[in-house]
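K.L.:
Residue-level listing of the chains:
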Amino acid sequence: MASIITRVKQKHITQLIEKEKRLDGRDLTDYREMKIEQGIIERAEGSARVLLGKTEVVVGTKIEMGEPFPDTPNEGVLTVNAELTPIASPAFEAGPPDEVSIELARIVDRGIRESKAIDTGKLVIEQGKKVFVAFVDIYVLNHDGNLIDASALAAMSALLNTKMSNYEVKEGEIKIKPGYEPLPIKKHPITVTMAKIGNRLVVDPTFEEEQVMDARISFAIDEDHNICAIQKGGSGYFEPNQVLEAAKMAKEKAKELRKKLNW
Amino acid sequence: MNDKPEKLIDKKGLRLDGRKADELRPVKLEVGVIPNADGSAYIEHGKNKILAAVYGPREVHPKHLALQDRTVIKCRYHMAPFSVQERKSPAPSRREIELSKVIRESLEPAVFMEYYPRTMVDVFIEVLQADGGTRCASITAAALALADSGIPMRDLVVACAAGKVEDTIALDLMDTEDKLGSADVPVALMPNLNAVTLLQMDGILSHEEFETAVNMALEGCKKIYTMQKEALKTKYVNVSEEIKEEAEE
Amino acid sequence: MPIFLEKRQLVTPGDLIAEGEYIAGENTFTEGNRIFAARVGIVEYETKRVDVVALKAFYIPRPGDIVIGTITEVGFNGWTVDINSPYIALLRASDVLSRPFKPQKDDLPQVLDAGDLIVAKITSYNRTHDPQLTVAEPGLGKITRGQIIKITPTKIPRVIGRKGSMISMIKQETGCNIILGLNGVVLITGKTLEDEQLATKALLKIEQESHTSGLTDRITQMLKEEKTRKEENKNE
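Residue numbers (numbering that gives the first Met the number 0), protein chains in the order written: chain A, 0 to 262; chain B, 0 to 248; chain C, 0 to 235.
Source of the hints: derived by calculation from the structure; they are not laboratory data. If you're wondering where the values come from, they're calculated on a predicted model, not measured in any experiment. Quick reminder that beta carbons are idealized off the backbone N, C-alpha and C, glycines included. Treat the hints with care, as some may be off.
Stated by the list, open to error - As a list, the in silico DSS-like pairs of lysine-lysine whose alpha-carbon atoms are at most 30 Å apart: (1) Lys-247/A - Lys-11/B; (2) Lys-222/B - Lys-247/A; (3) Lys-162/A - Lys-115/A; (4) Lys-221/B - Lys-250/A; (5) Lys-10/A - Lys-221/B.
Claimed, not checked - Among the chain C residues that face chain B by a calculated CB cut under 7 Å, a handful are: (6) Arg-38; (7) Lys-55; (8) Leu-139.
Could you build the full structure based on these sequences and the hints that come with them?
P.N.:
Printed below as a string of structure tokens:
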């Protein structure tokens, strides 16, 4: 019940946005207040907690040893999973991952994978046989909109925080040595999501703005300003020129965030 | 069996299958192929072979999923185990679940959902053979199946992808090009309304490359749209022709 | 201010039909002052009004319509009826029994059971509730014999023809009684199985060729030819 937004409020939000104003006073292109903490879960090899407005996402990484994929015998493995825990919203139910959490995980995965953020070539222990597998698990703890950007930020922050054990291979056996190495990171993709409300593009939508939006679009951008992932979502549409406008906006915002985060 | 080809684009600018960079693979469309379904269509796009069937609008099961003010559209994109090189397990993979969602979201803007409250429309997509670009071909077929079922629509939805192969932006990547290339951008369009209803990308593209790829994909969409409309009319045109022939006898 | 297409031209959803001061009719939608087709069909226009005669559509109940349906479930105070529509219809026990319903005394399956066919009239329907039926009028009730065929509901007017000319002609040539449910379900009762099959053939041909012209003549000709052939076979 709490997650249904009244028609009156929907209209209110849409009308405000036509006048380029938002309920929380932000400009259409502003991000909410962002807070990132790393290393909050000691048991995990890496972790981070992101607060984006009231949206809260925690990501923990675990590094294990495993087999490489058959078509990439010289690369480590990245696997991303997302949980929309029932804690986070009256709209979430316990159970196996549904299409929303699967899509979220795959968008975050795409940004990291396609930008080649992790130097997977350096994760090989024994070519074709043993590699490091990086598990990135996204836990949404409070849903107030824009889970994509919050999760992507948390995932990247957690990866930057991740340490792998030192090891040596002696007589075909892998022995853990003391000491740690940071996970080899080459690129720092940043994902920017915009919602289309009326005819305007709104950056970092809140939960209520997401209830009102026609559609959303997300761009993952690396430090060379290349686009490495795009995902349109929602049951509405964008005009082709709006797509290009959104891409430009994403580039701008990614630049801003990158400066702020020092990535 | 899995030899990597030397070059994806040769000196004359031709691709592995002889196409130029901006050439579409051949497309074949047929409407009304599954008698039991309310609407259906079959597409062959390059080596892709995909069936789409629509059941509905009909009662919602389970009842609590019904919406009081509009119809609920459900979509299932599924690949047959024999559709790909290495047998794929029949259980829905995470990729199929994501694609089911984005395909549904690409079709919803075309359907007048408010006309039939408390009903459900099921869109089933079965990929019988896959060779790159299955989500685009699926959308093209599913939109035809929806139109064939008699559900009122604002427009057909048509989809096509463009990507980057070696250093060239190319239209309609096939599987090898997708795997070995550096980017793929699938796009779905409602041409009359100039509305993009699906847009994804994986790979790396500069801004300019992205713009080129999107525009190329949109052109591809418009070409396929013409074929879609023909396919819908074919059944009726054929009957008219037959009658004309009979009369002349 | 133009209409962009000719009469009887085939259109598909999204095709622009007209722009300007026209009235948007059946199976169309508007954006601003432009009228588009919403379904596959043929364009028709009379002075100011533009319609698309849909070649395939499903039946949405309208109060007052006569429909033919199948009982699917016997509930505790009535029956659910499949009327070939996205919406399931309800027939209350009190309507059939023409008096208040007594659960202890009245055995509903004895009156109408799952699988029975009925001719009924829609009494009420709107967006918030399922359609209600009645059989408490002359000509309505349980069907005991005949053939049932389904054709797409938008073709029923074509089967009726101008001032009923088509349907009367078919009834006459085949000697069958034909009840046309506006929901696309048709009941044919004839003296012999062959007569019923002949009428069925005519109706299915109309469904297939409804978008063409000269249909009435072709159907009449087909029926006459079939009858002559039957006579010849008999005389051999």
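K.L.:
All the hints need checking, so say for each whether the structure fits it.
P.N.:
Verification of the supplied hints:
{"no.": "1", "hint": "Lys-247/A - Lys-11/B", "result": "34 Å, violated"}
{"no.": "2", "hint": "Lys-222/B - Lys-247/A", "result": "28 Å, holds"}
{"no.": "3", "hint": "Lys-162/A - Lys-115/A", "result": "18 Å, holds"}
{"no.": "4", "hint": "Lys-221/B - Lys-250/A", "result": "29 Å, holds"}
{"no.": "5", "hint": "Lys-10/A - Lys-221/B", "result": "35 Å, violated"}
{"no.": "6", "hint": "Arg-38", "result": "6 Å, holds"}
{"no.": "7", "hint": "Lys-55", "result": "4 Å, holds"}
{"no.": "8", "hint": "Leu-139", "result": "24 Å, violated"}
Hints 1, 5 and 8, counting from the list given before, are not met by this structure.
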